[in-house]
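Chemist: Can you build the whole structure from these sequences, using the hints too?
Protein sequences, first through last, are from chains E and Z. Each residue of the first sequence is one higher than the one before, starting from 1 at the first, in UniProt numbering. Each residue of the second sequence is one higher than the one before, starting from 1 at the first, in UniProt numbering.
Source of the hints: derived by calculation from the structure; they are not laboratory data. One or more hints might be untrue.
Each pair may be met inside one copy or between any two copies, as identical chains are not told apart.
[Claimed, not checked] Cut-off 30 Å, straight-line C-alpha distance, at most; resulting in silico cross-link-like pairs (DSSO-like, lysine-lysine):
1. K550 / K96
2. K95 / K192
3. K192 / K96
4. K96 / K173
5. K550 / K74
Since we're looking at a predicted model, the values are computed, not measured.
There are 2 protein chains.
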Amino acid sequence: MPKVRLALAQTNPLVGDIEANLDGAFAAVRAAEKSGAELVLFGEMALSGYPIEDLAARESFLISAEQALEDFAKRLESEGLGHIAVVIGHPALAKKQVARSWAIAQNCASVIRGGKVIGKYAKHHLPNYSVFDEYRNFVPGQDLFTFELQGLNFSTLICEDIWQNGGPVAQLKSSNTDIVLVLNGSPFEVDKDDKRLSLVQELAKSNQVAVAYVNLVGGQDDLVFDGDSILVDSSGKLVGRSKQFVEDLKLYDIASKQEIYAVAESAMTKPNDLEQIWGALVLGLRDYVEKNNFPSVILGLSGGIDSAVCASLATDAIGAKRVFGVAMPSKYSSEHSIADAADSAARIGLSFSTQSIESFVTAFETELQLSGLALENLQARMRAVILMGLSNSAGHLVLTTGNKSELAVGYSTIYGDSVGGFAPIKDIEKTLVWKLAKWRNEFATLNGQTPPIPENSISKPPSAELRPDQLDQDSLPEYELLDGILDAYVEQNLGRAQIVALGFDAAVVNRIIDLVDRAEWKRRQGAIGPKITGTAFGRDRRLPITKNSKQSSN
Amino acid sequence: MPKVRLALAQTNPLVGDIEANLDGAFAAVRAAEKSGAELVLFGEMALSGYPIEDLAARESFLISAEQALEDFAKRLESEGLGHIAVVIGHPALAKKQVARSWAIAQNCASVIRGGKVIGKYAKHHLPNYSVFDEYRNFVPGQDLFTFELQGLNFSTLICEDIWQNGGPVAQLKSSNTDIVLVLNGSPFEVDKDDKRLSLVQELAKSNQVAVAYVNLVGGQDDLVFDGDSILVDSSGKLVGRSKQFVEDLKLYDIASKQEIYAVAESAMTKPNDLEQIWGALVLGLRDYVEKNNFPSVILGLSGGIDSAVCASLATDAIGAKRVFGVAMPSKYSSEHSIADAADSAARIGLSFSTQSIESFVTAFETELQLSGLALENLQARMRAVILMGLSNSAGHLVLTTGNKSELAVGYSTIYGDSVGGFAPIKDIEKTLVWKLAKWRNEFATLNGQTPPIPENSISKPPSAELRPDQLDQDSLPEYELLDGILDAYVEQNLGRAQIVALGFDAAVVNRIIDLVDRAEWKRRQGAIGPKITGTAFGRDRRLPITKNSKQSSN
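Modeler: Following this line, the structure appears as structure tokens:
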């Protein structure tokens, strides 16, 4: 009976770093071969990293990627790995133009064996929604590519191809495919893992094929690829899954499409949503730091929950030694804020310092005669100047600690607390920040560690402390209510009347929608941060700054 | 012989402001009717403004737009204009989903007569390159819509439809179309007017049809629609053109597709490129201010050419009374800078004030022990705090005065001189800034006015004045050379080797490319500003922040 040992190589490429990505791929093929594999499957664009965005429009980059692929094939052969079949994703120059496309590239999967590329598949369904611009960047391919290995037929598909009807999926039956190899660059979203598994199971059952689904892993700007590669046999049974949020190499023995065995056992179920979200945020932050070569991060510690959570995330991502926290009290800062900030630093063990902003505020306030909102913003901007000064001196990446609810309604000072290169919790609404903080502390307790987030930061009413006795709820509805309206307006994209019909008070709805729309210009200038929801602010939600808000949200 | 008087209604809609846009359209129909017109043609999405971006994904907005269209038809009828045929662009809910599309909207042109919509055309070719995301936002239409008026056949097409082969254009001949009505939302780009005219002439000749081409006018975020609507007869002869950069209503008598006469004469040629660019920048800035209801603008006046040009643009856009300039000298500011800033203000007549940053800089410098680049950036950030404080107090829109060459190489301080809601010259490379300044001064002289830009600001070597005797050319190559390399890398999207092959020094090319790539995160947080080139920074050029720059630019 034919038997193929298949390795699912879940790697973490860096966009554009073809050399290092292929070195990593080579090491994975070598390791797979040592474990007896005859076929190694990588993720979408594992050669180039993903998404490459408008690098797809740079002809010289496409040519160098194709050259690197040829060289990789030769290297495998010359180093004794030519007998392994390797399937890897990469960009390529499109051979011909297609009507209604302005792209010059294709998103490909090549099959390598015996020192050369023996076949190439180009992605057919090009996602052009949410964060994706693939119709902008790629020319669609048309035909399935099928190859035979020890009596079994393998066909390649790429990511969106299995989420849509029609196209090459419809050619699976006539091609007598036994096992579909799906190369993916599928970003993490809460609950998406369940969708992927049921989609793959459905694909397997309806086409009577086994499905090997490899996803990338790693953070890339605002996206986090979570890995979680899976293998499903032709009955739709889940045979095994790779780890989430780390590189992984997992082996399967394929006797036939119905008989597939994992060489080693793996966890078949996933952690709860909060643990997964935390994992995604940590990976997104870590990879932004490491892939951009920052030595360290710095953030303001206010004693509030947002900065305490960001400090904990940063520590989980890169270790406390590389995390710098600065308390920057003003005359409106309460005693407990300063104490909570210090407590947060002490629990985590990060480098902590204090720098009062009072003298700076006074200097500007007096000379410019500022008051009211201008004075509140001034305080936030003094803190920004301090953080950026320290960043410019030491090379720290500045983290900005705003949450999604604040970003939505513009409850932040532009060029103040919004400054920074990365926003770890920008896609986390306030009510979820609380849940994550509680989960992280419980997780620490369960593991016999100090809970990293001060209990007081979790339990006290949130305040920006920019004027005496200020509370967030002086300006905003309770966060439970606010997040409910934001979910309707931002996530569900409902209009005013529809939101009111859900049972929310019309005046509150109108006020929140106006705030959201008016903050568009601020969000446009905001830092990137990891997307974990269906509609993150950024390229996931593209709205005009200039508009009549009242009518466009009706 | 049949005869139709056609009005080309070139209007300036505000995105989302359906009520005001339709009031404006109604007034245009009324005026056209008074001038004897029987047919009025508006631009693409004149009902909703354009582009609506992801408002196209808000179902309630689409429904309200269609309702407004029905109401508009009834209003025309009830106010005695039902006999006029009106063709207007608007968004609509797509009636059915289409494969490989995630959109729910269509980009339509409806024909109204007798109080109702008598026909609807949906745009077929959906631009999804450059700044456009129409494949993201719209479902393509398929069939040409043709209607008859006094013995002549009119067909509608929308913008990109005539820039691509195939689709409804191919149906023109079989439909016996006499006159094509093309609704456009075509943003200004240098030299694009010539492309449009020759394209329209080619369309006319190859299909033996007359073409009425109406473009929108107005600024919308980073786009400037320049109007310049045209009418070409079936021989390809230009019969007339509407004004550029202003609303216009132009009338034509159509006896047949070969015999069309402009009711009034119009300028058939265009001003030179510099005058057009200046016009585009003025309109883009004016509409951003007015459509977002800012009372005034504020900017830092350094005595340098960039801020002097921005002050002049702002004055041309909204008048000197609404322009506030602030000189913010430091100990490194030269005497001539302060004098040139004051001269710039005096020539223009704007509100001028001076605020030294010295005491603020000293306070931070001492307490934070900053030096080198951190200290240079600190100065720029002190100026930002001042401008934002004044903006928060008085409601001014802050203008940031960086040019495209600086933005490209990151020669600016983030949260410093980059702060602001609008960047009037962000798409103008430095060498073009000089040309524009000289043109504007000559234009003033020719018209007997004071040249608005100090000669000294134009002629002196550029300096950021952040340390003693600093000049831009200490850090950067000469701007002529820099702009040449930037053109190759940014506009032409060439790789390193290709750029060196053009004759540039390899070391300089490498340095400039590294600077451009490393500044990506700063540009991502930058203000929007009017696009006038083929590749403006912003949504026109979408590149990852996290990447291996060396390899991705090879």
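Chemist: Against the earlier hints, flag every one the structure doesn't satisfy and list their numbers going up.
Modeler: none
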